[in-house]
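Asks: Given the coordinates of chain A, assemble chain B onto it according to the supplied hints.
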Amino acid sequence: MASIDIDAPGTSQLFIGNEAIARGALEAGIGFAAAYPGTPSSEIMGSLASIAKKMGIYAEWSINEKVAMEAAAGASFAGIRALASMKQNGVNVISDFLANLVMTGIGKAGLVLVSCDDPSAISSSNEQDTRPLAKWLDIPLVEPGSFQEAKDMTKWLFDLAEEIGTICILRSVTRIAHARGNVKLGKLPKKEQKAYFDQIHDLRNLMPTKFMTVPSALRHAFAHLKLDKARETFESSPFNYYLGPDKAELLIITCGSCWLYSQDAVKALKVEDKVGILKLGTLWPLPEKLIEEHLNKSRNILFVEEIDPFLERSVMEMVANLPEGSRRPTFYGKRSGHMNAYGELNPDLVIKAIASILSVGYQPRDIEYAKKAEETAKSYVPERMMTFCAGCPHRATFWAVKNALKLDGRDGLVTGDIGCYAMALGPAGFFQVRTMHCMGAGTGVASGLGKLGQFGFDQPVLAVVGDSTFYHATIPALINGIYNQSNFVLMILDNNATAMTGFQPHPGTGMTAMGEPTKVVSMEALCRSLGVHVEICDPFDLENSTETLLKMIADGSGPRVVIMRRECELVRGRKEKPPYKVHIDPDKCIGEACGCDSLCTRVFHCPGLIWDKKTGKSKIDEVICTGCGVCADICPQGAIIKEAA
Amino acid sequence: MDTKTKDCKELLTEVIDTGLCTLCGACAGGCPYLVSYKGRIVLLDNCTLSEGQCYEYCPRTYTDMDAISQQVFGVPYSEDELGTTKEVLIARSTDAQITERAQYGGAVTTLLSLALAEGFIDSAIMTRTSDDKTPIAFLAQNAAEVLQGAGSNYMACPVLQSYNHLPKDSNHSLAIVAMPCQALALTKMKKEPPQNRPSIDNVKLVIGLFCTWALSPDGFHQFLRENLDLPQVKKFDIPPPPANRFDAYTSSGTISFPLEQIRKFTMPTCAYCLDMTSEFSDISVGSVEGIEGWNTVIIRTDVGAKLMEMAKAKGKLETDNLPPQNLAHLKEAALLKKKRALKEIVKRSGDKNNLLYVGLSPNLADKLLA
Chain A
4 MASIDIDAPG TSQLFIGNEA IARGALEAGI GFAAAYPGTP SSEIMGSLAS IAKKMGIYAE
64 WSINEKVAME AAAGASFAGI RALASMKQNG VNVISDFLAN LVMTGIGKAG LVLVSCDDPS
124 AISSSNEQDT RPLAKWLDIP LVEPGSFQEA KDMTKWLFDL AEEIGTICIL RSVTRIAHAR
184 GNVKLGKLPK KEQKAYFDQI HDLRNLMPTK FMTVPSALRH AFAHLKLDKA RETFESSPFN
244 YYLGPDKAEL LIITCGSCWL YSQDAVKALK VEDKVGILKL GTLWPLPEKL IEEHLNKSRN
304 ILFVEEIDPF LERSVMEMVA NLPEGSRRPT FYGKRSGHMN AYGELNPDLV IKAIASILSV
364 GYQPRDIEYA KKAEETAKSY VPERMMTFCA GCPHRATFWA VKNALKLDGR DGLVTGDIGC
424 YAMALGPAGF FQVRTMHCMG AGTGVASGLG KLGQFGFDQP VLAVVGDSTF YHATIPALIN
484 GIYNQSNFVL MILDNNATAM TGFQPHPGTG MTAMGEPTKV VSMEALCRSL GVHVEICDPF
544 DLENSTETLL KMIADGSGPR VVIMRRECEL VRGRKEKPPY KVHIDPDKCI GEACGCDSLC
604 TRVFHCPGLI WDKKTGKSKI DEVICTGCGV CADICPQGAI IKEAA
Chain B
23 MDTKTKDCKE LLTEVIDTGL CTLCGACAGG CPYLVSYKGR IVLLDNCTLS EGQCYEYCPR
83 TYTDMDAISQ QVFGVPYSED ELGTTKEVLI ARSTDAQITE RAQYGGAVTT LLSLALAEGF
143 IDSAIMTRTS DDKTPIAFLA QNAAEVLQGA GSNYMACPVL QSYNHLPKDS NHSLAIVAMP
203 CQALALTKMK KEPPQNRPSI DNVKLVIGLF CTWALSPDGF HQFLRENLDL PQVKKFDIPP
263 PPANRFDAYT SSGTISFPLE QIRKFTMPTC AYCLDMTSEF SDISVGSVEG IEGWNTVIIR
323 TDVGAKLMEM AKAKGKLETD NLPPQNLAHL KEAALLKKKR ALKEIVKRSG DKNNLLYVGL
383 SPNLADKLLA
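Protein chains in written order, with this note's numbering: chain A, 4 to 648; chain B, 23 to 392.
If we strip away everything but chain A, and leave its shape as in the complex, we get:
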């Protein structure tokens, strides 16, 4: 990661969007940042935490987004500028707090929420747009369309938040968050900050003060007044601008990364003289006067935006309210089918839409060549399925789970959660995970299933959860199971890392975001203090793990806990050498014959194992194999040999 604390105003640095946002927060003089890891937002806190001590600010990985947002709000209440960052799901988690925060207003110091959406859910459980939340809860929202804007908007947003006295949201998407661009740096503030909570509220006097410590439905009206003020500012914001002819055949209204795609598309089609682009940066409340002006530029409006038709519908609403006799343009976008209503956008899709509306042709390359290229690409790229890394403890865990549930014979099932182990929905984890929703959902669902005994339910229920997810959201569901006497086994996969999002520390790892050693919150001590039976297993000991699982699902009522504990291989591999050297004896390997049927490559699926079509035997890929030795324990012929390294 680039260093975001470079003190060289006026120079350009190459930042990913997330670093630019972090830099913007630094330049705004924040003192407090809190977040929970979530792709594509994690680098914001990551880069802030790496320079926090040096810069005299505080940055933390909170236990979940709700606490992160609340903690940041606390800082704002006490006069310290604060930032909270998360992915779209985190915004769901904080929504109750946000709804109430909008009523109270924020403290003297600005509070900014950065939400990074994941179009196409490339690294998410769901695809979801943050922007409608702004409309829903009455919160000003902006979206940067370049890396420079990512920094500049973040910096400015703190001023806006203070000016109108409410939390403001910056919405980003993967292709801004993770792509790189040049960013011109500003000055870094060098002042001491003093925190003090001085708000005294007077319930008899609900004057439209910016901040009142208690929410009140009466303050809803004031929330609207704040929005009106924001709208005024937005009407003349430098983040909204128009590129194109005075009169256009087509007006594109766009925001964020889609602005870059739109420019690419217009250039590719060579229709700069026909198509104008209104790029909006301040999205909610809509700068209606500005938009109205530009609506006159064309009869045809195309909306290009990621995920929901947010601008599209908001502008349509606006147009519906125009005085009688006003021109009604023709709208193109997700509603008309010109842009896809789900899935990530890209320049090709925008080209297609513009070409269709303007009836222009677009042939970037020879059709025959294009077909040939596609075929060739398909044949050279091997099919790779989503799987766990070589040496991942989860592979061993789900092997034990699969066997235990089959041996038990009562059609047991696993309810899943969020993390690398979610891949156990597929062949990587032998299709064991059967449900997956959001953080902590697996245990909640299990808690419900575990009460269905009176309806004849007798299938063993196993809720699987990672260590970070356990602290984030699972504890209430576990306590619910204890209190309401629900019958399930909670299996915590403790690999001592928040692995899926980039190995951020959590309460079980004994390290803070800023690299300071801290108290370990022991998950087994916590569970035992609740009166639950806890077993701890090493997933690499397949026999013991399978046996323990069988025992746990066979007896006992109420929740029971199994902790499958072994460090994430990617973390371990950086610190230590491989424990074993593994190779396959081709004389012992019987490959596809009866007695094996390629168990290791066909079912176990470790990427360190290769199937050699020519010899009809398995081989170890020495580059990928991490020497964990688990495959040696599953080979039915003892052909996989592990030797202590």
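Rather than coming from a laboratory, the hints here were simulated on the basis of the structure.
Do not rely on the hints blindly, as some may be mistaken.
[As the list claims (entries may be wrong)] Keeping only pairs whose Cα atoms sit at most 20 Å apart, straight-line, the calculated DMTMM-like set for lysine to aspartate or glutamate is:
hint: 1; chain 1: A; residue 1: Lys158; chain 2: A; residue 2: Glu130
hint: 2; chain 1: B; residue 1: Lys190; chain 2: A; residue 2: Asp636
hint: 3; chain 1: A; residue 1: Lys554; chain 2: B; residue 2: Asp154
hint: 4; chain 1: B; residue 1: Lys60; chain 2: A; residue 2: Asp558
hint: 5; chain 1: A; residue 1: Lys409; chain 2: B; residue 2: Asp154
hint: 6; chain 1: A; residue 1: Lys409; chain 2: B; residue 2: Glu109
hint: 7; chain 1: B; residue 1: Lys226; chain 2: B; residue 2: Asp191
[Said to hold, decoys possible] Listing some non-contacts, in silico: residues in chain B with all C-beta distances to chain A over 10 Å:
hint: 8; residue: Asp154
hint: 9; residue: Thr156
hint: 10; residue: Asn376
For glycine and all other residues, C-beta sits at the position ideal for the given N, C-alpha and C.
Replies: Just chain B now, kept in the frame of chain A:
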């Protein structure tokens, strides 16, 4: 019935999931997919092979009785009620240490000990009763270990899984103590030698036990736990008719249950079994009606005959003739089992010409169905 070898999915749909599985263990432990666990055969993962040894050796998939009889005895499947026999006699051990622990005459224990002592075999796969009274298969390699297996356990045990578990390059010379279904499976293996399992030529001796039916390990064990103080039980016995009871010998006396109470734990597959006297072994051993402390012994092969001769010559077994009415009774009972089984099979298949897994010559089939 279809005669070709099929895959493990068919094994499940035709045998395991339909109540025909005898838990013999022939399919288990030979690959990572089929294992036995607590009285069930479990499929841990899908195997994609279209033909499996699991299906091939199962005693409840199609079996050409003439062909396998040729393999073991050199003659087609015998029409005799007791199967192919060289000699039928009664025997009892001369070793007090054995008769003390034996169920009846201690013939099996004696013959195995002798075979081990003479180096004819170096190990025997047999069962013993574990501490919780379930049967457990084990490899015995000397007389003391064989003695541990003395005494009957009436619950099914997947003994052949232990054979499959041996390293495939092992060169143990083995004896196996088998139920009739297990002896049948072993014979199918002799006909089509297994791949990637220990060589079937290692199996030098099969001692078969008489069997009317076996009890389901899961269901019956629960009954035992509920009705007995298991650590106190020393021995079980089902005395021959007309006793009609199940006895549990404890340190404080014998507790008996009416046989009717026990019958409901019979494995459903036993209703379709024709073989009462383990027709495909080298030597078959059972009780003697009305004569306590002796075994009925049927010698079927040269291997069996040689071992019996040795046992007599070395004074390990005392022998006598099986009284004629006992022989008549035995044949009657054996024939009755065949007829009952075929009747049930035809009821199940719905077609006189579809005998499910039993490949009999039409002549013999007609005779038995008459």
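Asks: Check the hint pairing lysine 190 of chain B with aspartate 636 of chain A against an upper bound of 20 Å on the C-alpha distance.
Replies: 17 Å, holds
Asks: In terms of Cβ atoms, is chain A entirely out of 10 Å range of aspartate 154 of chain B?
Replies: Fine: 15 Å to the nearest Cβ keeps aspartate 154 of chain B off the interface.
Asks: Take a quick look at threonine 156 of chain B and tell me if its Cβ sits farther than 10 Å from every Cβ on chain A, holds or violated.
Replies: Since the minimum Cβ distance to chain A is about 16 Å, threonine 156 of chain B lies beyond 10 Å and the statement holds.
Asks: Please verify whether lysine 554 of chain A and aspartate 154 of chain B have alpha carbons no more than 20 Å apart.
Replies: 17 Å, holds
Asks: Quick one, are lysine 409 of chain A and aspartate 154 of chain B close enough, alpha carbons at most 20 Å?
Replies: Given that 20 Å is the threshold and the Cα spacing comes to 24 Å, the pair is violated.
Asks: Lysine 226 of chain B and aspartate 191 of chain B: Cα distance at most 20 Å?
Replies: 16 Å, holds
Asks: CA of lysine 158 of chain A to CA of glutamate 130 of chain A, is that 20 Å or under?
Replies: This hinted pair is violated, its Cα atoms lying about 28 Å apart.
Asks: Sort out whether glutamate 109 of chain B lies within 20 Å of lysine 409 of chain A, counting only the CA atoms.
Replies: 47 Å, violated
Asks: With the threshold set at 20 Å, check whether the alpha-carbon distance from lysine 60 of chain B to aspartate 558 of chain A stays at or below it.
Replies: 15 Å, holds
Asks: Non-interface claim for asparagine 376 of chain B: all C-beta distances to chain A beyond 10 Å?
Replies: 28 Å, holds
Hints 1, 5, 6, counting from the list given before, are not met by this structure.
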